[in-house]
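Colleague: Protein sequence lines correspond, in order, to chains A and B. If you read the first sequence in our numbering, its first letter stands for residue 1, the second for the next number, and so on. If you read the second sequence in our numbering, its first letter stands for residue 123, the second for the next number, and so on.
It should be emphasised that the hints constitute simulated quantities derived from the structure, not laboratory data. Mixed in with the good hints, there may be bad ones.
Derived DEER-like restraints, expressed as beta-carbon distance ranges [stated by the list, open to error]:
hint, chain 1, residue 1, chain 2, residue 2, range
1, A, E113, B, R282, 41 to 47 Å
2, B, E224, A, P83, 53 to 59 Å
3, A, T117, B, H358, 35 to 41 Å
4, A, A96, B, E227, 51 to 57 Å
5, B, R282, A, D109, 46 to 52 Å
6, B, Q226, A, D109, 33 to 39 Å
On a predicted model such as this, the values are computed, not experimentally measured, just so you know. Where a beta carbon is used, it is the ideal one built from N, C-alpha and C, also for glycine.
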Amino acid sequence: MEGVGRDFVLVPLAVLLFVGAHAQSDRHKADERVVRITASRFEYNPPRIELKKGEPVTLELISLDRVHGFNIPDLGLRADVLPEQSVRVKFTPDKAGTYTFLCDIFCGDGHGEMSGTLVVKE
Amino acid sequence: MSLNRRDFIKLATVGGAVFSSGLAGMHAFAKTGKQDAFYFVQLSDTHWGFDNRKFNADPQGTLPKAVALVNELDPQPDFVVFTGDLTHTTDDAQLRRKRMAEFQEIAGKLKTGNVRFMPGEHDASLDGGVAYKEFFGDLNYTFDHKGIHFIALDNVSDPRARLGDSQLAWLKEDLRQRDANAPIVVLTHRPLFDLAPQWGWATQDGSKAMALLMPYSNVTVFYGHIHQEHHHNTGHISHHSAKSLIFPLPAPGSVDKKHKIAWDAEQPYRGLGVRSIQADMPGAAFELSETSL
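Kindly produce the complete structure, drawing on both the sequences and the hints.
Modeller: Okay, structure coming up:
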């Protein structure tokens, strides 16, 4: 993992600030792809993410309810996903393949099936 | 289950343990009569309170059926251990306690008076084990039985699936008092090794516990969580998971997405079962017998 950062903004007011801040951020880094992912009991949205090998990406995660985990064991990437602040996971996938990401912080009935798929294409 | 299946005994040797299956195997254990030999029973993942008939058409009957099966054994096991997920999780603290009380009442019908409990994440992760401790006592503990030292580890009350530094220090201190060749049995809910981390079948700091256990020559781990029989060796240490008593899960990594296996009306209780473990003293390999419900 190249880096994990957090935006310390508050919900609900911060929702607009969050969007605005990142629109600006995206302009500054037009070549960097940002994929926004929400976590809520017991799913990720989107549940499937497609990336290109060698293309730097930032996964921007926020929870809609409680603390969740975001873990891709096969890539050695993980982060806590919090309800009131986004967390960024920056990395450059260097190997094509299909990887499972899962919640690794027990969150209730259905936790065991809270997972998604990350596909890295050539 | 047919009589043929009950009477079927298959012996194999994997990782220093001898295996058999079938109720006849359990009765054979019970009647060996070897001096110092004893056996105990492992029950796991009962998930009392789970009620989805697609996956178990008899959710209130499965645990009593297992209790009745164990009560048939003559002589009785020295003790029974439940390796976690006694109850199915709920956000409702009152309902959690109701499920624990009901589970406790049913488990109280086991004829052997010696029953050991352990938490699973469904019992203890949402409240840090508060309710579990009210009903069943400590989350981690040790006991000795006929020359074997048993260590029950808690890798569930931390919702991040960690043993934690404090418990690891406790384990280290406990092991410090053992001889290098002492027979040791470790009981856990989750596997201590990375069985399938992409399915959550691992303990985040399990490798630290394994590092503490590795210097000891006679260690065996029994665990639950994965709802199926599985055997694995980490060096000289063998790990054996037990079947569930509510629904089975697929073999590790065998499907893209983990899912419960549906109830099969043609083969009710398929994949659910009870394990008995024979210990021939001192330090001999354990003999495991798996019995389907």
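Colleague: Indicate, hint by hint, whether the structure satisfies it.
Modeller: The hints, checked one at a time:
The given range of 41 to 47 Å is broken by E113/A and R282/B, whose C-beta atoms sit roughly 18 Å from each other. A hinted range of 53 to 59 Å for the beta carbons of E224/B and P83/A is inconsistent with their spacing of about 33 Å. Against the hinted window of 35 to 41 Å, the Cβ-Cβ separation of T117/A and H358/B comes to about 37 Å, which satisfies the hint. Restraint check, A96/A to E227/B: a C-beta distance of roughly 55 Å satisfies the suggested window 51 to 57 Å.
A hinted range of 46 to 52 Å for the beta carbons of R282/B and D109/A is inconsistent with their spacing of about 18 Å. For Q226/B and D109/A, the hinted distance range of 33 to 39 Å is not satisfied, since their beta carbons lie about 21 Å from each other.
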